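Engineer: These are the residues of each chain, in order.
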Amino acid sequence: MSDHEYTPKSKVGKWFNDRLPLLTLANHLTDYPTPKNLNYWWTFGGILTFCLITQIVTGLVLAMHYIAHADMAFDSVEHIMRDVNYGWLIRYIHANGASMFFLAVYIHIFRSLFYGSYKSPREIIWIIGIIIYLLMMAAAFMGYVLPWGQMSFWGATVITNLFSAIPLVGEGIVTWLWGGYSVDNPTLTRFFTLHYLIPFLILGLVVLHIWALHVPGNNNPVGIDIQKPSKDTVPFHPYIVIKDGFALLMFMIVFAFFVFYTPNILGHADNYIEADPLVTPAHIVPEWYLLPFYAILRSVPDKLLGVVAMLSAILILAALPWLDTSKIRSAVFRPLYRQFYWILVIDVLILGYVGAMPAEGLYLLIARVATAYYFLHFLVILPVLGFKEKTLPIPLSITEPVLGGSPNFATARNKESFTNK
Amino acid sequence: MSEKKTNRRDFLFTATYAVGAVGIGATIWPMIDQMNPDASVKALASTEVDVSTVDPGKTITVLWRGKPVFIRRRTLEEIAEAKAVKLEDLKHPEKDEDRAKNPEWLVMLGVCTHLGCVPLDQKGDYNGWFCPCHGSHYDISGRIRKGPAPTNMEVPKYEFVSANTIKIG
Amino acid sequence: MKNLFRISIFIILVVCFHNKSFAAEKVEYLKTDWSFKGLFGKFDRGALQRGYQVYTEVCASCHSMKYLSYRNLAEKGGPEFTEAQAKVIAASFEVKDGPNADGEMFTRPGKLSDKFVMPYENVKAAQAANGGAYPPDMSVLVKARGGGVDYIYSLLQGYEDPPADIKLDDGVYYNKFMYGNKIKMANQLSDGLVEYADGTNSTVEQMSKDVTTFLMWAAEPHLESRHQMGFKAILYLIILTILVYFSMKRIWSRIETEV
Chain U
1 MSDHEYTPKS KVGKWFNDRL PLLTLANHLT DYPTPKNLNY WWTFGGILTF
51 CLITQIVTGL VLAMHYIAHA DMAFDSVEHI MRDVNYGWLI RYIHANGASM
101 FFLAVYIHIF RSLFYGSYKS PREIIWIIGI IIYLLMMAAA FMGYVLPWGQ
151 MSFWGATVIT NLFSAIPLVG EGIVTWLWGG YSVDNPTLTR FFTLHYLIPF
201 LILGLVVLHI WALHVPGNNN PVGIDIQKPS KDTVPFHPYI VIKDGFALLM
251 FMIVFAFFVF YTPNILGHAD NYIEADPLVT PAHIVPEWYL LPFYAILRSV
301 PDKLLGVVAM LSAILILAAL PWLDTSKIRS AVFRPLYRQF YWILVIDVLI
351 LGYVGAMPAE GLYLLIARVA TAYYFLHFLV ILPVLGFKEK TLPIPLSITE
401 PVLGGSPNFA TARNKESFTN K
Chain F
422 MSEKKTNRRD FLFTATYAVG AVGIGATIWP MIDQMNPDAS VKALASTEVD
472 VSTVDPGKTI TVLWRGKPVF IRRRTLEEIA EAKAVKLEDL KHPEKDEDRA
522 KNPEWLVMLG VCTHLGCVPL DQKGDYNGWF CPCHGSHYDI SGRIRKGPAP
572 TNMEVPKYEF VSANTIKIG
Chain W
591 MKNLFRISIF IILVVCFHNK SFAAEKVEYL KTDWSFKGLF GKFDRGALQR
641 GYQVYTEVCA SCHSMKYLSY RNLAEKGGPE FTEAQAKVIA ASFEVKDGPN
691 ADGEMFTRPG KLSDKFVMPY ENVKAAQAAN GGAYPPDMSV LVKARGGGVD
741 YIYSLLQGYE DPPADIKLDD GVYYNKFMYG NKIKMANQLS DGLVEYADGT
791 NSTVEQMSKD VTTFLMWAAE PHLESRHQMG FKAILYLIIL TILVYFSMKR
841 IWSRIETEV
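Protein chains in written order, with the numbering used here: chain U, 1 to 421; chain F, 422 to 590; chain W, 591 to 849.
FYI, nobody ran anything at the bench for these hints, they're computed from the structure. Here the structure is a predicted model, which is why all the values come from computation and not from measurement. Do not rely on the hints blindly, as some may be mistaken.
[As the list claims (entries may be wrong)] So the derived list for chain U, only partly shown, Cβ under 10 Å to chain F, looks like this:
hint	residue
1	T58
2	L60
3	I80
4	L89
5	I242
6	A309
[Stated by the list, open to error] Label-pair distances were calculated between CB atoms; the ranges are:
hint	chain 1	residue 1	chain 2	residue 2	range
7	W	S780	U	V279	26 to 36 Å
8	U	V169	W	P689	45 to 55 Å
9	F	I445	U	D31	53 to 63 Å
10	U	I284	W	F821	29 to 39 Å
11	F	F432	U	V158	37 to 47 Å
12	U	I343	F	G446	25 to 35 Å
13	U	V215	W	G628	44 to 54 Å
[Unchecked claim] Reference listing, derived: stretches of chain F covered by chain W, where coverage requires no fewer than 3 residues with Cβ under 8 Å from a Cβ of chain W:
hint	segment
14	436-449
15	523-532
Where is the CB? At the ideal position from N, CA and C, for every residue including glycine.
Looking at chain U on its own, in the form it has when it is part of the complex (with noise of 0.2 Å):
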């Protein structure tokens, strides 16, 4: 952090400052030199941020009505939904928030993917970014369980299962999760208290990740260093803050109308029925967001490795830095990387499509090819582009592209034509 140099005008202030320097830390965060090409896919920090909050608050007003017992949560529930002010519109809120919240985190993931933002020097911010996530889907898969309906019961008995793929020690780890002989009781209270808990692991992770990306600034849409602060740079507050606002409005108009006028269209009606040991609903399926994960499980024909291959698919993507051997950030210089980056994309939304379908016949097929693929492009195609790819001349400086008036870089930084005008 550059700015030592910060000293408060009032003498309170400098007092203050001496002891805590909270407002060094203020002026830190407002001055914060950030590139001034950023596109809106960058709005999406903000809006995490955002979302992490309005789960936080919501969560807790919900905790205050929400009794974590077997015999009891699905009537709290619905005394939340009745009974309590504007308890259906702050549960409504949270259920939609989590889809909400994943929605942003894929789009953010997917615009480091396309930017390289994970590459030297940011792959500290990507690594908590990958813990973070994990610690999301920890925390959306318990908070599913707490309603008690038949999702959430046969939803937590099947990914609980999952740890008995273990070999030896795999049964005793399932026994004691759950504490008991299946899911019931016990395994809802701790649920509960993990799922109150793990949002705070989020929030700090979340400073730390923030922490590491001002070290060495934002990575930007052309992907080259910049100076800072420089003629490419601007202040944080106000350019970025008010465009971060502009994009989270946006975002809040289509959260809202998913509260507001579609709340349940993300969930499953299943959950709305009450647990039952005895009844296995006839179709299992995660949320929307886990499903690209779920079809890579179902995909494997063994119980051991079927688990190997999910979590391996998660974990993949921290070793990223490394597999991605190309100095070049941004996929606009990379015209091979950008259509591999497609077809990823389009990788990843079949395995969710399969993911929600029957694991059976020709969605079993494309689920395993769409599941090879999806390993291939990390562990061979990344690799080996880095040294095939022939890679488009980057320009100098990121105002360069923008004093050249053309936004097709390539063009820009074409040596001659530049200096030819």
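Please arrange chains F and W on chain U, whose structure you already have, making use of the hints.
Structural biologist: Below, chains F and W without anything else, positioned relative to chain U:
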């Protein structure tokens, strides 16, 4: 000219801030209101008590809205004693007739008006109730006579729905 | 702005994609106009009151509605019986209460704060009385079925003689909208079964629609205020978005970069 431009800019920013603030306020309200009594709590506002088994000179305590309600069947001496008190001797002047419509029955919230403890029956200097928490003395009409409590014990809304049944609330 | 457009498209695609992934299992349900659909959707009070009548006279002998209270019948956004009417309705039910001073349970007329009286003591008793099948609680039934109101509405009218190749056990009936076509509930509705207080002709179609509307309200009692608040919230967000957009343009005009 440039001044006009500044004014317009100021107006735009002020409007944005103002509209934003309204939205934040409107969002915070549900988060606060959710802690108020909910619809099911409000609906449980009344309770009926059968008092046929209460002997004169005895008090029963029933639960209403989560608080104790004292129902005392007063003896003739007690009624006379309550009526004999002069209003000017009272910290919170109220006539006994106003507190007990039917003088035989005294119905009041058994909650000390000081800090909410439950006073003890037939204790204290005034032959009524005594709050052990901070030493408030109430007379046989539930009126504060000595100690830190500021007002008399509250009389809830109640009615006799039949000769032996009181409906509180 | 171009990016923003692309983001919006992406979001819409994801949503459509999600819905479509479940579309495959849907059958064609009977269609009718529901007054509560749409941005300003509201319940038809008449239908809710009639629906309540169908529920009490027909369904309630087997199906409980354990999350509803009699007070709900008089609440805003519901059937909106007057409070006096709701009190009369509540008092017409015998509610078990107690224990009294002697430690015994007793019955008394219902009050507004009481929950709907259940037809059976518990799930086991319900199963025993219905050949092993538990008549599901109807409080959130509409939300607990994939097809929602259309499914319930169709199911009530979907009884048919089974095709020749399907053999049904005793106490099992054929319904073309039921999952697997076999249902343990016999056809309950027949034309003129209920004598509507408001004189509406009680055809099977009418009763199905009324009772389904009632069940929708039971599952989403705050639907009307949700729609009203939603419209205001989204309108507000759009106004604020426009203001912020122009503020943003103004701020970014200080430097030579397109936002």
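Engineer: Would you mind marking each hint as holding or not holding in the structure?
Structural biologist: Do the hints match the structure? See the list:
no. : hint                         : in the structure
1   : T58                          : holds (8 Å)
2   : L60                          : holds (9 Å)
3   : I80                          : holds (9 Å)
4   : L89                          : holds (6 Å)
5   : I242                         : holds (9 Å)
6   : A309                         : violated (42 Å)
7   : S780/W to V279/U: 26 to 36 Å : holds (31 Å)
8   : V169/U to P689/W: 45 to 55 Å : holds (51 Å)
9   : I445/F to D31/U: 53 to 63 Å  : violated (25 Å)
10  : I284/U to F821/W: 29 to 39 Å : holds (36 Å)
11  : F432/F to V158/U: 37 to 47 Å : violated (58 Å)
12  : I343/U to G446/F: 25 to 35 Å : violated (48 Å)
13  : V215/U to G628/W: 44 to 54 Å : holds (51 Å)
14  : 436-449                      : holds (count 7)
15  : 523-532                      : violated (count 0)
Hint check: violations occur at hints 6, 9, 11, 12, 15; the rest are consistent with the structure.
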